[in-house]
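Student: Here is how the chains run, residue by residue.
There are 2 protein chains.
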Amino acid sequence: MPITVVGSIAYDTVKTPFGERERMLGGAAVHFALAASFFDEVRVVGPVGEDFRNEELEVLNRRGIDVSDIEHVAGGRTFFWHGEYGWDLNTRETHDTQLGVFEGFAPKLSDRSRSSDVLFLANIQPDLQRDVRAQLPHARFAALDSMNLWIEIARDSLVAAISSVDCVILNDAELRELTGKPNLVAAAREILTWAPGANGPGEPAGGPRVVVAKQGEYGAALITPESFFALPAYPLETVIDPTGAGDSFAGGLVGYIAAHPHEQLGESLLRRAMAHATVLASFNVEEFGTDRVARLRGAEIVARIRELHSMTQFSGAPLKLRG
Amino acid sequence: MPITVVGSIAYDTVKTPFGERERMLGGAAVHFALAASFFDEVRVVGPVGEDFRNEELEVLNRRGIDVSDIEHVAGGRTFFWHGEYGWDLNTRETHDTQLGVFEGFAPKLSDRSRSSDVLFLANIQPDLQRDVRAQLPHARFAALDSMNLWIEIARDSLVAAISSVDCVILNDAELRELTGKPNLVAAAREILTWAPGANGPGEPAGGPRVVVAKQGEYGAALITPESFFALPAYPLETVIDPTGAGDSFAGGLVGYIAAHPHEQLGESLLRRAMAHATVLASFNVEEFGTDRVARLRGAEIVARIRELHSMTQFSGAPLKLRG
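For the record, the sequence lines run as chains A and B.
Under our numbering, the first sequence is numbered contiguously, ending at residue 1536.
Under our numbering, the second sequence is numbered contiguously, ending at residue 1536.
Wrong hints could be hidden among the right ones.
Stated by the list, open to error - Which residues of chain A face chain B? A partial, calculated answer using Cβ under 10 Å:
#1 D1253
#2 V1272
#3 G1296
#4 W1300
#5 Q1311
#6 R1325
#7 R1402
#8 L1405
#9 W1407
#10 Y1431
#11 L1444
#12 E1450
#13 V1515
#14 E1520
#15 L1521
#16 G1536
Note that these hints are calculated values from the structure, not bench results.
Cβ atoms here follow ideal geometry from the backbone N, Cα and C, with glycine treated the same way.
Generate coordinates for the entire structure from the input sequences, incorporating the hints supplied.
Tutor: The following block contains the structure:
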């Protein structure tokens, strides 16, 4: 099923312990789209400025991504982020954020983007997420990412946006902050009770059915009303640049679900989607920016899925215990 | 195979967001022994003071633990720790530590404790760990825990202690601090190259073959020279008191290995041991101090192992990927 993603298309200047790069192609919608493009058709919605180069569009084109709803704003500047990671890559400092064309951005979706069966609302202002969600009322699967900023300054709108999707993908610290519950399982279970307020009598309650907690280097957990599942991150001896890992993760997850239109959104599908998400994120962080995923091959994904599977299995006959 | 553990036997005063308890039975050797007692015979070596009550010994006796090498120091005071956990239980502050009988402690092992096939060196001064290791030169499996304090003030002795055991069980932050490597896999792989200095020609290099990285609420990872394995923590909606979780984990791990004397220390055994470690730790944190594990039943462990297994499995046919 085709996927529409709305979110940032950016230039990133990034410093990590392994080097520094200036004005690389980045942004949540870009990282998501590259990852999801291995699974299904992806349509990107978002604004860029006059400084945006054709060679960046080519990176998306080469992966077969539909860029016709990327809005080129005359006289505008592309969203810019400048950040630096600490020695263990677990902390990062933002030196500069320039919204550029994102100031005053109003998503305009073509009929084609509105016809997608799957929707991903990358991390943007939650009012915009709700606006886009309303333009795809019949999408069969919608997922959302966000960040601490919106929890702090636009919580009500974010809660409404969350209540309108099937799946929430957040960092575990964000899940805690959003719910005020320090326990991850309790926080996720609370979000799973959120439902849109305006249901008519007899209508299903709606609201999210799946919460995914991203845990950085520790992996990710999947929580539904009935179940819990967790995977470690794919272990890497060298991580070069974590920027976009969460968006690549989301691209693997949502892309895998989109590629299975005839399978129920049950535990088996969700778990395989989590594995593909984990693997896409692992490739993303191996090099700066989009470098690694842009030249990734399907066979590499399959091989790493197999490895991840072998790293998470245990079995054996139960033991006679003393007591 | 019988297990000897050397480490602290303590009184703990603990405050968590869920309450406060004064002078509970605690200490690394105690939490380890209770967990390991489900798998094999455990012999505890460590000092207590005149203030140590018979009812605490009874907690160990009821689990069939051999307490005859617990040294009662006339005129001494039992090791005491007073700590407080933050709202999400991930941070803790030590208000008071009184070494008491641990000052000047010299481990005296009976022939019986020296005859064990399995040895666990809980977190104590590394010189003491080496002293005890030297008293069980023929133990078939020896494992060790430590802490940031010893990395900072007794690193050389700790490295020597680590080089003398088969298995190192540390928090991931400690593995990073110990090796100066921010990447967990790289840190573990470095430790796996450490070997005792004094090998004669033709002698095996020795040194640790297994590194276990405890990751708190995120679970734990197992790293050997050839492999990587990780498990999430068993998910709990309510965690009451994390004190002793790492020692219960070690008790489950080492105990499970001890209970399989005829099986090679290979991937299959280690992974099942990791699962049992994870489950023992999960019970430990459900109540204050030793309360939960002291009345735990084998059948509860088996049931939770089954649940953990179902929470970590995924499978499915490979997908035809685009690219």
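Student: All hints are to be evaluated individually against the structure, with a verdict given for each.
Tutor: Now the hints, each set against the structure:
no., hint, result
1, D1253, "holds (7 Å)"
2, V1272, "violated (13 Å)"
3, G1296, "violated (17 Å)"
4, W1300, "holds (5 Å)"
5, Q1311, "violated (30 Å)"
6, R1325, "violated (18 Å)"
7, R1402, "holds (7 Å)"
8, L1405, "violated (13 Å)"
9, W1407, "violated (18 Å)"
10, Y1431, "holds (4 Å)"
11, L1444, "holds (8 Å)"
12, E1450, "holds (5 Å)"
13, V1515, "holds (5 Å)"
14, E1520, "holds (9 Å)"
15, L1521, "holds (9 Å)"
16, G1536, "holds (5 Å)"
The structure does not agree with the numbered hints 2, 3, 5, 6, 8 and 9 stated previously, though it agrees with the rest.
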